[in-house]
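J.: These are the residues of each chain, in order.
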Amino acid sequence: MSKLWKVTGHEFRRTAGTKAFIVLTILGPFLIIAMTVVPAVVSQRQERGDLAVAVSGADAAVIARVAPQLEQAGILLEAAGSVSTRALDARLLDGELYGYLVFPPDIQAAGTLELVTREFPDYRVVELLRKAIGDEVTDARMRSAGIDPARIRQLTRPLELRTRQLTKRGEKVQQDQFSFIIVGIAFTLMLYMTILLYGQAIGRSVVQEKTSKTVEIMLSSVSERDLLFGKILGQTAASLLQYAVWVGMALIGMELIGPLLGIARLPQMAPVILLFLVVFFLMGFLLYAALYAGLGAAAEDEQNLGQLSWPVIVFLVFPMVSAGPIITNPSSSFSVFLSLFPLTAPVVMFVRVMVSEPPGWQILLSLGILAASVAVMMLLSARVFRVGILMTGKRFRLSEILRWVRR
Amino acid sequence: MDLEVRNVRKTFGPVRAVDGLSFRAQGGRIFGLLGPNGAGKSTTIRMIMNIIAPDEGEILFDGQPIRPADKDRIGYLPEERGLYRKMVVNDALLYFASLKNRSRSEAQAGIDRWLERFELLEWKMRKVEELSKGMSQKLQFIVAVLHDPEILFLDEPFAGLDPVSTESLRESVLELGRRGKTILLSTHIMDQAERMCGEILIIDHGREVLAGAVETLKARFGRNSVVIEFDGDPEVVRGTGLVTNLITYPRWVEAELAQGCTAQQLLSALVGRLSIRRFEVMAPSLHKIFIRQVGAREGRS
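For the record, the sequence lines run as chains D and E.
Read in order, the letters of the first sequence correspond to residues 27 to 433 in the numbering used here.
Read in order, the letters of the second sequence correspond to residues 1290 to 1590 in the numbering used here.
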């Protein structure tokens, strides 16, 4: 067994064998559920009671026609006749009312209605009121013009446009644009979070190794490459194990509780797409792991590492921000460039593969550039690590790092 | 395995840490690399260990530059001590031995033997971080020798050890020397060096001050040193005007006879003024030589 694998095994056990790691692996998904699903469910199910909204200056007949559907949504309309707004203000301040509506004298001609509330109005309430009363007013206008509203609705029914894409093999497939966007964003987020979580950890562990006094003994036994690569690989393996557990638990969880919450199942993915997902994820992870290792090697301490690593985050966020243009125009030169540039390639090329059929050579080129970047990045990190070891306690400028790299 | 260092230089910014050192360490003899703090001892050892690269010069193991496989035959006790703190002692030792390509069973036998020797057996299953400073230092020594290296580098091995531990460590090092290992030991404690080393190199400011076999050096500095043990004021000895380079200790002094003076003159000058318990004419101690040589250089610069 080569020394590289011994170091890898050691780093894997050192990371995955700690109590904190095991606890986090098992509890992680529950924490994530607690942080994401619970608030959503709570706010959805929150019992707010019915909201009383007084209506001033409206026809009783109009109120009677819109009241039932609003009542279903928890809004109780109350005809206030032509009571002065001052009286309504008093009731509003007393908390008897959620708000009151003021109808203009001729609603059909005016086209404006006013809602007065204490709090900033809930946009859902505003929208419900606007829709229900607006529909009613439109219908009334049509009726006064002698037109049957039902007939108009039937005639102005919107057209549905179905999309199908022709593949190279001549099939025409129908794909759901929306689920692409969801999967694309989910993948980007996944890579982003993983790298934030584990990339930093790898960087920290390199800083610790460098500043620990163990490093000289290690270097008297193994080469700096074996030490650093073993560290990256061991930690990557531990991270992926934790990640696999989480993804597995998430999938099981979605199967079990997804339907209860009304969350749709994951969109079905073709096996090829799934394969690309795994490959691009691994490549992306390794590249960023190597990058963080390099930063760890250059950093003076953990705090310094944080400062050095913000540019990395820019590269991570960039594809997320530009997801729109990439999904809508996957073959533009912008998208092609980002899918070849190593730091954005994992996300962008994957998204392109998913929404379009990029030329085979571009996919291969992207993978080739990624693989080469991983190798170069790891070698560079080892170099910086080597030179940085005995210089701990000194801040580094980029120019100095570049000088070591050239040496 | 022989070690040869040829005209090695290393500069850190404006500081010449090591400035053209050359020496040879051979099997079976303990080689002492001596010098005051900051003289360049650790830098030299780090260059030999290939942790930092020399700016100039060559470092040869059996006439060859170091190859990756050579690392398995080298043992190293760095000046900066520290082991993976969260690891269990036994696991840490097994891991380090495995990195030197020692089989598990071989390593385990060695671990038990060494732990017993340093009275650490009961700590075998404890975490490294629970050990006291002295114990971790002994553990560190075990890491350096566990794989039975042919060449051993010990950087300040006795720093921070109590007398009992110092003695058992010294015994172990001497025994390894008797078994033909090449041992390079750096220290600034001259008495230790004098009691252990066959050959020494004294450096200061990265440069050689003095080198050679301990016996030859002492002979070269002549038998004009006196050690006087007494009760009374050491200033009396200085006051005779018959000695130079006086080093005073609480109850004794070591001095050199001044040019043209004899031990007999000194003794008769002191009789009656001090209650003398020992009066010995001898070769100067390494400590004395060290102070004289390094001190003289300091004076010149």
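Honestly, the hints are just simulated from the structure, not real lab data.
Take the hints with a grain of salt, since some may be wrong.
[What the hints assert, rightly or not] Residues of chain D placed beyond 12 angstroms of chain E at every Cβ, according to the derived structure: (1) S28; (2) G43; (3) Y149; (4) Q180; (5) R195; (6) L253; (7) F344.
[Stated by the list, open to error] If you want a taste of the chain D side facing chain E, the calculated C-beta under 10 angstroms gives, among others: (8) V33; (9) S238; (10) E242; (11) E281; (12) S357.
[Said to hold, decoys possible] Facing chain D, according to a computed beta carbon distance under 10 angstroms, are these residues of chain E, among others: (13) F1312; (14) G1316; (15) I1341; (16) E1345; (17) M1376; (18) N1379; (19) K1389; (20) Q1429; (21) V1434; (22) H1436; (23) E1439; (24) A1508; (25) R1512.
Glycine included, each C-beta is placed from N, C-alpha and C at the ideal position.
J.: If a hint holds in the structure, say so; if it does not, say that too.
T.: Status of the hints after comparison with the structure:
1. S28: Check fails; 10 angstroms does not lie beyond 12 angstroms.
2. G43: About 9 angstroms separates G43(D) from the closest Cβ of chain E, which leaves it inside 12 angstroms; violated.
3. Y149: holds, 53 angstroms
4. Q180: Label holds. Min Cβ-Cβ 74 angstroms, cutoff 12 angstroms.
5. R195: With a cut-off of 12 angstroms, R195(D) remains clear of chain E, as the shortest Cβ separation is near 52 angstroms.
6. L253: Violated, because the least Cβ-Cβ distance between L253(D) and chain E comes to about 9 angstroms, which does not exceed 12 angstroms.
7. F344: Holds, because the least Cβ-Cβ distance between F344(D) and chain E comes to about 37 angstroms, which exceeds 12 angstroms.
8. V33: Holds, about 8 angstroms.
9. S238: holds, 6 angstroms
10. E242: holds, 4 angstroms
11. E281: violated, 38 angstroms
12. S357: With Cβ-Cβ at 49 angstroms, over 10 angstroms, it is violated.
13. F1312: Not OK, violated: F1312(E) not within 10 angstroms of chain D, min 20 angstroms.
14. G1316: Violated, about 19 angstroms.
15. I1341: Status holds, d = 6 angstroms.
16. E1345: violated, 15 angstroms
17. M1376: Holds: closest Cβ of chain D sits about 8 angstroms from M1376(E), inside 10 angstroms.
18. N1379: With a minimum Cβ separation of about 14 angstroms from chain D (threshold 10 angstroms), the hint on N1379(E) is violated.
19. K1389: Holds. Min distance 6 angstroms.
20. Q1429: holds, 8 angstroms
21. V1434: violated, 12 angstroms
22. H1436: holds, 9 angstroms
23. E1439: violated, 14 angstroms
24. A1508: violated, 37 angstroms
25. R1512: Nearest chain D Cβ about 42 angstroms off; hint violated.
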